[in-house]
Amino acid sequence: MAEKKAVLTGVHFMSGDVACAEGALAAGCRFFAGYPITPATEIAEHIAARMPKVGGIYIQMEDEIASIAAVIGASYAGLKAMTATSGPGFSLMQENIGLAAMTEAPCVIVDVMRGGPSTGQPTLPGQQDVMQAKWGSHGDYEIIALAPSSAQEMFDLTVEAFNLAETYRVPTLVMADEVVAHMWERVVIPPAEEIKIVNRKKPNTPPEKYLPFMPDDDLIPPMACFGEGYRFHATGLTHDEHGYPRTQVSEAQTKLVQRLCDKIRKNVDKIVRVEEAMLEDAEVVVVAYGIVARAALSAVRKAREQGIKAGLLRLITLWPFPEKHVAKAAERAKAIIVPEMNCGQMVQEVERAAKTTPTYHVSKLGEEPHTPMEILEAIRRYC
Amino acid sequence: MMEALEHPFAKYLRAAMMPHIWCSGCGNGIILNAFVHALDELRFDLDKLVVVSGIGCIGRTAGYINVDSFHTTHGRPIAFATGVKLAKPDLEVVVISGDGDLFAIGGNHFIHAARRNIGIKVICANNFNYGMTGGQVGPTTPLEALTTTTPYGNIEHPFNLVHLAAASGATYVARWTTLHVRMLTISIKKLLQRKGFSFIEVVSPCPEIYGRRNKMRTGLEMMEWFRKASVIANFSDPSKAEITPERIVVGEFVDVEKPTYEQLLYSKMAQIAKEETE
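Read top to bottom, the protein sequences are chains D and Y. Every position in the first sequence, counted from 1, becomes a number in my numbering once 318 is added. Every position in the second sequence, counted from 1, becomes a number in my numbering once 28 is added.
Calculated from the structure, these hints are not laboratory results. Keep in mind the model is a prediction, meaning the values are calculated, not measured. Glycine included, each C-beta is placed from N, C-alpha and C at the ideal position. Do not take every clue at face value.
Computed cross-link-like contacts, DSS-like style, restricted to lysine-lysine with a CA-CA straight-line distance of at most 27 Å [what the hints assert, rightly or not]:
{"#": "1", "chain 1": "D", "residue 1": "Lys371", "chain 2": "Y", "residue 2": "Lys39"}
{"#": "2", "chain 1": "D", "residue 1": "Lys323", "chain 2": "Y", "residue 2": "Lys302"}
{"#": "3", "chain 1": "D", "residue 1": "Lys584", "chain 2": "D", "residue 2": "Lys652"}
{"#": "4", "chain 1": "D", "residue 1": "Lys371", "chain 2": "Y", "residue 2": "Lys302"}
{"#": "5", "chain 1": "Y", "residue 1": "Lys296", "chain 2": "D", "residue 2": "Lys527"}
{"#": "6", "chain 1": "Y", "residue 1": "Lys296", "chain 2": "D", "residue 2": "Lys371"}
{"#": "7", "chain 1": "D", "residue 1": "Lys527", "chain 2": "D", "residue 2": "Lys514"}
{"#": "8", "chain 1": "Y", "residue 1": "Lys76", "chain 2": "D", "residue 2": "Lys527"}
Derived coverage of chain Y by chain D (criterion: at least 3 residues anywhere in the stretch with Cβ under 8 Å from a Cβ of chain D; other residues may be distant) [said to hold, decoys possible]:
{"#": "9", "region": "42-56"}
{"#": "10", "region": "66-77"}
{"#": "11", "region": "90-99"}
{"#": "12", "region": "136-144"}
{"#": "13", "region": "164-170"}
{"#": "14", "region": "238-252"}
Computed from the model, here is a short list of chain D residues facing chain Y with C-beta under 8 Å [as the list claims (entries may be wrong)]:
{"#": "15", "residue": "Phe349"}
{"#": "16", "residue": "Ile375"}
{"#": "17", "residue": "Ile383"}
{"#": "18", "residue": "Ala387"}
{"#": "19", "residue": "Ala392"}
{"#": "20", "residue": "Phe544"}
{"#": "21", "residue": "Gly545"}
{"#": "22", "residue": "Ile626"}
{"#": "23", "residue": "Lys627"}
Take the sequences, apply the hints, and build the full model.
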C-alpha cells in the first residue's frame with residue numbers, strides 16, 4: 319500500500335510528465351537527482367515542488383552522469399530513487415546504468431524520447447532509444463523497460479517500474495516519448511490503499527553471516543543498506559557473493575553475469591505485459607508501443623469497419639521482449655506491421671519472433687507520430 | 029604456547045581482501061594507516077561510516093576498510109557519495125580516491141560538490157600519474173615530467189589541487205605528503221569531525237610507475253624529495269602553494285564553517301512540512 323500523504327487520489331487533468339512524477343511519489347520514490355532537458359524537464363520541476371512536502375529529496379546535479387550516480391548512491395542508502403532525462407542525457411547515463419545492473423541497485427530511469435541522434439529534435443517525439451535501452455551499456459546484462467502510451471500510463475507504469483526495480487534489483491526504464499510526456503489528459507489516481515507497492519527484500523541473517531551478493535532461489539540477493547550495521551562492500555568489478563573483486567577468476571564472471579541475465583530471463587512470464595485488441599482472428603497484426611499504439615488502435619478499428627481482419631498487439635513491456643506474444647500473434651497472421659518513430663528498431667525483434675510471417679516496418683521521423691490513416695494505408699497494402 | 033595475537037587494527041580491515049594490490053614503496057598504505065589511526069583515536073562508530081572510492085590504485089581502499097563501502101565507476105565517487113549523504117545525512121561519507129579519478133574524469137563532480145557544500149569528505153592520493161594503467165600523464169603531472177604518454181616531457185600545466193578546492197568553496201583544505209604522517213592523521217581527524225565539504229590532498233610516492241621514470245627509483249628516494257622540498261605554510265595563500273622539484277608547500281589552507289547543503293535542505297523541508305500542517 320502506498321503512503322497516503324504522497325498520493326493525490328482523485329481525477330485530474332495533467333500532463334504525462336506530471337503524471338510520471340506523481341506516479342514516482344505514489345510508488346514511494348523519495349530521492350530524485352536530475353539535470354534539465356527537453357522534453358523531460360517538467361518531471362524534475364514537478365518533483366522539485368512536491369518532494370519536500372512528502373519528506374523526500376530533490377537535487378539538480380551538474381550533469382546526467384552525476385544524476386544517475388547519485389541515484390545509485392541513494393538507492394544503496396535505502397531510498398527509492400529516480401532520474402528522468404531524454405536521449406542526450408540517456409547516452410551519458412549508460413555507463414552507470416551498467417553499474418546499477420552490476421551492483422543490483424534498484425532504481426528507475428525515465429527517458430522521454432525525442433528525435434536523435436545527437437541533439438536532434440528536442441521538441442519532437444521519437445522512439446529512437448529503444449535499442450539503446452537494451453544494449454546501451456557495455457557488457458552483458460538485462461534491464462526492464464516499459465513503454466507508456468498515455469498520461470494515465472505515465473502514472474501507472476512509473477509505479478510499476480519501481481515495483482519491478484525493487485523486486486528484481488534491476489534498473490528499470492520508462493521509455494516515454496515527447497507526445498505522451500507533454501500531452502494533457504485525464505489521469506485517475508487511485509486511493510493509496512489500492513496502489514500495490516513492492517519493497518526490496520531485506521536480509522534476515524545477522525551482519526556477520528550476511529553475504530550481500532548471495533542470491534536466494536529466485537536468483538535475487540536480499541539487500542542490506544548503508545548504515546544498517548551490515549558493513550558490506552559493493553563494486554562494479556566482477557565480484558563474488560561477498561561483494562569482493564574476483565577479476566581473475568573465470569567462474570566468478572560466468573556465475574555473476576549469467577545470474578544477472580537469468581534473474582530477468584527466467585521471470586519473463588511474470589514481467590512481460592502486453593495489450594491485445596481484436597487479435598483472435600487477425601490476419602494483419604500491428605505491433606506498436608508508446609503513442610504510436612494509439613494511432614494503431616484507431617487504424618485497426620477502421621480496417622475492421624472495412625472488413626479487414628486486423629488486430630493490435632501493444633507492447634507495454636519492451637524489455638524483456640514479449641517474444642511469446644508476438645510469436646503467437648504471428649502464427650495466424652499473414653502480415654505483421656510495425657509502425658515506429660525510428661528507422662527500424664523493435665521491428666528487428668518482432669521479425670525474429672514472427673519467424674516466417676512477413677513483417678513490414680512503417681517508419682516516421684521528424685514530425686508528429688503516425689496518423690491512423692498512415693497505419694491504415696499500410697494495413698490495406700499488406701492485408 | 030603463545031596465543032596468536034590479533035593486530036589491534038585488524039577490526040578496521042577486511043582480512044579476506046588481503047594481500048593488497050599496492051607496489052612496494054607506494055604511499056597508499058600510509059594513507060590507509062593514517063585513516064585507520066584517525067578512526068581509532070576518535071573511537072569512530074564504524075556503523076556510521078561509508079567509504080566510497082573510484083577507479084585507480086587507491087580506489088581499492090573502499091574494499092579494504094571494514095565498513096559499508098562502494099567502489100564506483102571511474103570518476104564518479106563524489107556523485108555517488110552525494111546520493112548517500114543526502115539520503116542518510118547522519119552517516120559520515122568519505123571519498124578516498126586518486127588525482128586522475130577526482131580531477132580529470134571526475135573534476136566536474138568535485139567542484140560542484142564543493143560549491144554546494146555537500147557534507148562529504150574527500151581524501152585524494154596525488155601520485156602525479158595514472159599508476160594502475162601503467163603511468164600515463166594526469167591532471168597533476170608536473171611540467172617536463174616523463175610518463176608513458178609524455179615520453180618527451182609533459183607540456184600540460186598541472187592543477188594546484190588545494191587552490192582548486194579553496195576556490196570551489198571547500199570549508200577545509202589541507203595538503204600533506206606521506207612523510208607527514210602525524211599531521212595527516214590530525215588532519216583526517218579534523219576532517220571526520222567537520223560538517224562541510226572537506227578536502228585533504230596527500231602527495232604520495234609512486235616509485236614503481238612514476239618515480240623510476242623521473243630519477244626517483246625507490247620509495248625512499250621519493251620520500252627524500254618530500255623531506256627536502258616540503259615547507260609547512262599553514263593558512264598561506266593556496267594559490268601560491270606550489271609543488272615543484274624544489275618546493276612542496278604543505279599545511280592547512282582553509283578552515284571555515286558555512287551551512288551545508290543537507291542542513292539547508294532539511295531545514296527547508298521542515299519549514300515546508302510545518303506550513304503544510306498549518
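Consistency of the hints with the structure:
1. Lys371/D / Lys39/Y: 42 Å, violated
2. Lys323/D / Lys302/Y: 14 Å, holds
3. Lys584/D / Lys652/D: 31 Å, violated
4. Lys371/D / Lys302/Y: Answer holds: Lys371/D to Lys302/Y is near 10 Å, not above 27 Å.
5. Lys296/Y / Lys527/D: Outside the cut-off at roughly 40 Å; violated.
6. Lys296/Y / Lys371/D: 10 Å, holds
7. Lys527/D / Lys514/D: 32 Å, violated
8. Lys76/Y / Lys527/D: 19 Å, holds
9. 42-56: holds (count 3)
10. 66-77: With 3 residues in contact (Cβ-Cβ under 8 Å with chain D), the coverage given for the region 66-77 of chain Y holds.
11. 90-99: holds (count 8)
12. 136-144: Coverage by chain D holds for the region 136-144 of chain Y (3 residues, Cβ < 8 Å).
13. 164-170: violated (count 0)
14. 238-252: violated (count 0)
15. Phe349: The hint holds - Phe349/D has a Cβ within 8 Å of chain Y, the shortest such distance being about 6 Å.
16. Ile375: 5 Å, holds
17. Ile383: 7 Å, holds
18. Ala387: 4 Å, holds
19. Ala392: For Ala392/D, the interface hint holds, since the closest Cβ of chain Y sits about 4 Å away, which is under 8 Å.
20. Phe544: 4 Å, holds
21. Gly545: 5 Å, holds
22. Ile626: This interface hint is violated because 52 Å lies over the 8 Å limit.
23. Lys627: 51 Å, violated
Hint compliance for this structure: hints 1, 3, 5, 7, 13, 14, 22 and 23 are broken, all remaining hints hold.
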